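Each chain is listed here by its residues.
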Amino acid sequence: MKEASPAKAYALHLGVIALLFALNFVLPEYHHGLLARIMVLAVFAMGYNMLFGYVGLLSLGHAMFFSAGLYGAGLAVIHLGWSVPAAFAAGLACGALLALVIGVLALRTSGVAFMIVTMMFAQVFYLMILYFASWTGGDQGLVVPQSARVLVFGSTSLSLTNPTMRYMSALVLFSIVLLVTLAVVRSRYGRVLVAIRENEERTKMLGYDTFSNKLAAVVVSGTICAASGAAYALLFGYVGSTFASVQYSILPLLWVLLGGAATTLGPLIGTLFMYYVVDITSGYTSAYLLIVGIALILLVLFFPKGILGTIRQRWLGWLP
Amino acid sequence: MHFGPHLLLAALEGLVTSAVLALTALGLSLVFGVMRVVNVAHGEFFMLGAVLAWAISTAISGHPALGFLTALVLAPLIVGLIALVAERLVLRRLNYNPEATIVATIGMLYIIQQLALTFYGPEARPVEPPFSHRILLPWFGYSGYKLSIIAASALLLLATWFVLTRTKIGLVMRATQYDSETAQAFGIPVDRVYAGVFALGAMLAAVAAVLIVPISQAHYLMGQDPLLLSFIVVIIGGLGSLRGTVVAAVLIGLSDGIISVFFSPTLAKIIATMLVAMVLVFRPHGLFGTASR
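The listed protein sequences correspond, in order, to chains A and B.
The opening residue of the first sequence carries number 180 in our numbering; numbering runs sequentially from there.
The opening residue of the second sequence carries number 1007 in our numbering; numbering runs sequentially from there.
To be clear, the hints were calculated from the coordinates, so they are not data collected in a lab.
Errors might be hidden in some of the hints.
Said to hold, decoys possible - To give a feel for the contact side, a few chain A residues facing chain B, derived at Cβ under 8 Å: (1) Ala285; (2) Arg287; (3) Val303; (4) Tyr310; (5) Leu432; (6) Leu436; (7) Ile473.
Unchecked claim - If you want the ones that stay clear, here's a sample from chain B, every Cβ over 10 Å from chain A, calculated: (8) His1008; (9) His1012; (10) Gly1113; (11) Gln1119; (12) Leu1143; (13) Trp1145; (14) Gly1176; (15) Val1178; (16) Ala1181; (17) Val1196; (18) Leu1260; (19) Phe1268.
What the hints assert, rightly or not - The calculated label-pair distances, taken between Cβ atoms and stated as ranges, are: (20) B:Tyr1102 x A:Leu358: 35 to 41 Å; (21) B:Pro1132 x A:Leu206: 49 to 55 Å; (22) A:Pro207 x B:Phe1268: 55 to 61 Å; (23) A:Gln319 x B:Pro1132: 27 to 33 Å; (24) B:Leu1095 x A:Gln319: 38 to 44 Å; (25) B:Ser1138 x A:Leu213: 53 to 59 Å; (26) A:Thr464 x B:Thr1173: 42 to 48 Å; (27) A:Val280 x B:Leu1095: 38 to 44 Å; (28) A:Ser334 x B:Ser1270: 36 to 42 Å; (29) B:Tyr1184 x A:Asp318: 44 to 50 Å; (30) B:Pro1132 x A:Asn203: 51 to 57 Å.
Just so you know, these numbers come straight off a predicted model, no measurement behind them.
Beta carbons: idealized from backbone N, C-alpha and C, even for Gly.
The following block holds chain B by itself, in its conformation from the complex (with noise of 0.2 Å):
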């Protein structure tokens, strides 16, 4: 292949990536956005999501197109149920305190890594694409199950604005973010709220993992990736900022993807967490982000 096609497929490679990252990230800033709580479990939300995708798409017999599809609407709303629980269990008892919650949370990393591994295995499985229709271009054919991944993620994201922007709920999720006791004084039931926004921050990993696994696998380590990823576009997109998580993760996505075309994968890593430390050492509030009160 020439340069020009061979620059083309990494794009494109790397906007899959960047779609899947995008939903990833996203969920980890409303969570940190509206509830100031860094989620160190969120890669793990991921990783259940796909490892519930294949267990539901093997149960559920027929066309493969049937099983994806229940998965894509359960699997999140069961890791959203999980999320829920673990909110009211020790996120509320914390009272939210940032510090107490990191560890608390990378305490429900453990717990849920280890209880994948006993239950569902070391095994690497994949799960079957609902459909595998190739688009042929000029050069070289692809997947069409991938573009549909970036479109189904763009949909999910419009959604999501759209929920935020010009809904009552958004509205709500907003003031409390902008002023949690202000908030509270209008009678904002800020508690519900936080429970709520705990458990979309979850699902929205949980969706973009059952998007990605048909090409990909279902693994019980997978979770670390997308979470060093979505803590790296969250930062570069500035804390909380919804646009600027979206440009990042299609700025990140992008260059990781052509980086890794062109460069080791473990030296890309090395630059890209390299670099994202200096921003945040000297642009604290990140490239997109205004300084917070």
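Isolated chain A (complex conformation) (with noise of 0.2 Å):
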């Protein structure tokens, strides 16, 4: 990794963010309510990423974070009367609580038994959002009622039904996690979490405590990804055991791959390709999971550093 000039870096990622800005004025509206969407999944995409490219441990049960988010976020709406800003409180803590006992749990083991017992934990999770249908809704899931989506400051009010707001909503929650995760892996901290990834044994010999680094990046990622979910059921209303299941922990992985895995803005990227690639697919065939298929084979046997990455190790070596 060479050694980033930080104005460069940071002009680089304001700039993004000043573009989806003014993409609001300019974008159609089928555009705009679908550009807020990206937004809201690409933060789904960075909180993975956080755990998979930086700590370099492949989860396939990042599902479980976000629904927790979603259903803490959701259901303290529907069944608590909870406002927007309590809502979203409570889904931070039940995914960040929810990480920090997968993690704890997880953590014990690496590699291959890693990936399994992460699905695993996401899958009774997603089983248990089935059992309990009399509160979550089972597989037919609940809205939020629009009236309770409002955001109150002193006496007045905002919709977050209406799609400016919803999509300043986003862009605000995008842009937090952006920069968040850019100081992050700037930082110290983040140093360490990539030398865990490169050779655990020689961090550990260097007298740094890798269980506990580790442990906090899961717990960062649950909480990222539960932000995310949080968000999604506030400003799309909708909160479905569908986003528990095994497909919304691989989408990520696949979002982050295509994007640029330990690339601060791949997940975007990733994300934004994919959707408008599924997009445009879906007008001439169903078929859309037989492209997220064939792109995650061609991504793997070809491109194994995603479109950002690959950009880095080519063209822009400072790219965070």
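The task is to assemble the complex, starting from two chains supplied on their own in separate frames and drawing on the hints.
Below you can see the structure in the form of structure tokens.
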């Protein structure tokens, strides 16, 4: 990893955020809505990248963190009548707590066993959502009522169902997470994580407590994914068990691989690209899973570093 | 029915599940044991076996046994061939890197599932059993075909055990599993052994599916449950251990049959999955396996 000039990296990221802000005013209605959704899901991918890209831990169960946020926020609004900020905080707390418990257990294993264990915990989580159908709505899911999705500041109230409001909320969340990720990976702690990915034994020998560093990374990653899930429930008003299924554990992996693992902007690019590929092809065929499958195989065969990873390797060594 | 006969019925149903599960899991276990590849698409090879069995048995008119027997031979061969092609085109190029192959087999899972949906459709379709004789027990009549599944599975497991431990092919496979580099140095075509093992693993899943399809139904999503259960069996039995796989399959199949008679199947799955995850966390080499090098 080459030493990057911080000004260049921050300028690039602020530029991306400014571009997304400007797009709010020019995009046609359909793409405007799609991009808001993509930004929320890109946050999910960034959370996944935190663990997979930087620590090198491949989890096949991140759907549980996303849906912990989704259900934590959604059910708090539906059953407890909480306000939007409180529900969002509840979603984050659920995700962080779940990540802590899963992290303590799953980090006892490594490699292939880690993948299978995370997949199984996610499966348990998914089945529990189906089992407690009287609260969660089972596989039908629940709709978060429009009347509850408002932000109240003193006397003014802003509805999150308004497209511009929704887009801006998604952008705020996306920007915060993007800048936090950038700051984390450039910090001392971020370097320790990369060191663990490259050679865990050696890092341990140098005196770092690899277990607690990895555990912290699982919790940060799980919390970011939960933030994405909570935002999804509050902005798009739907909470459903599909989001906890294996498929939603695979999708962030696909997005991150496509955009480039261990790059800060890769998750956004991967999510954007994949969403539009599926969107465009679904005009011709309903077989979008086929495209996901082929994309996964082609990626691991020919572009294991993803789009930004390849660009960084070939041309822009300073890319964070 | 009284409790005793009820339990017997549950146990018989459990044994049928175990028989099919043991074959499927053995395929997964062989592939993992010899190649160190976690084949996430294994359940889809199972599904392909069932779907092909339907296609073959409907194409052949005459006595249902004729169509079924043709399917029992042809379907695994076709699935084996597909697996062979997938192995040559994808897995070999990845140098069997464990993490890359998981991602690649997830890709295969989606491709096979989607192709089955496109060409076979979303319906569940039945296959007629080769014979429908019922065996009368004092308390209830039981399908003779289901009992023959148990027998067929036991025969196939014995045959696999014989091949693995008593023949040259088995010796070559075990040598590759033990240390592929030394095996290569002794002139074993490791590359071809890998291809063969991957095809064999897929064929075992396909045979299991052909056996079960007359009593369940062929459906394009039917690979999900066998995949999860096979993972559970392989983990409990110890990754790559044949004896452990069979013992665990009987254990899981029986308890699955008995638990789901008395409790809700979702709760049974939750408990089973949770227990297995805990086994993997606290006893990573399974209950019967030995530490790998």
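When the nearest CB of chain B is found for Arg287 of chain A, is that gap smaller than 8 Å? holds (5 Å)
Interface hint outcome for Ala285 of chain A [beta carbon to chain B under 8 Å]: Result: holds, 7 Å to nearest chain B Cβ.
Just checking, Trp1145 of chain B versus chain A, shortest CB gap more than 10 Å? Its Cβ never comes within 10 Å of chain A, the nearest being 32 Å, so this holds.
Least C-beta distance between Leu1260 of chain B and chain A, which was stated to exceed 10 Å: Leu1260 of chain B clear of chain A: closest Cβ-Cβ about 21 Å, beyond 10 Å.
Just want to verify: Val1178 of chain B was marked as not at the interface with chain A; is every Cβ pair farther apart than 10 Å? holds (24 Å)
Evaluation of the interface hint that places Leu432 of chain A against chain B, nearest CB under 8 Å: Status holds, d = 7 Å.
Outcome for the supplied range 49 to 55 Å, where the beta carbon pair is Pro1132 of chain B and Leu206 of chain A: holds (51 Å)
Hold the hint about Leu436 of chain A up to the distance rule: shortest CB distance to chain B must be less than 8 Å. Constraint on Leu436 of chain A satisfied, holds at 7 Å.
Ser1138 of chain B versus Leu213 of chain A beta-carbon gap, inside 53 to 59 Å or not: About 54 Å separates the Cβ atoms of Ser1138 of chain B and Leu213 of chain A, which means 53 to 59 Å holds.
Evaluate the given range 35 to 41 Å for the C-beta pair formed by Tyr1102 of chain B and Leu358 of chain A. holds (40 Å)
Are all C-beta atoms of chain A more than 10 Å from that of Gln1119 of chain B? Non-interface label fails for Gln1119 of chain B: nearest chain A Cβ at 6 Å, not farther than 10 Å.
Per the hint of 42 to 48 Å, is the separation of the Cβ atoms of Thr464 of chain A and Thr1173 of chain B within bounds? holds (47 Å)
Of the hints listed earlier, those the structure fails to meet are numbers 10, 11, 28, in rising order.
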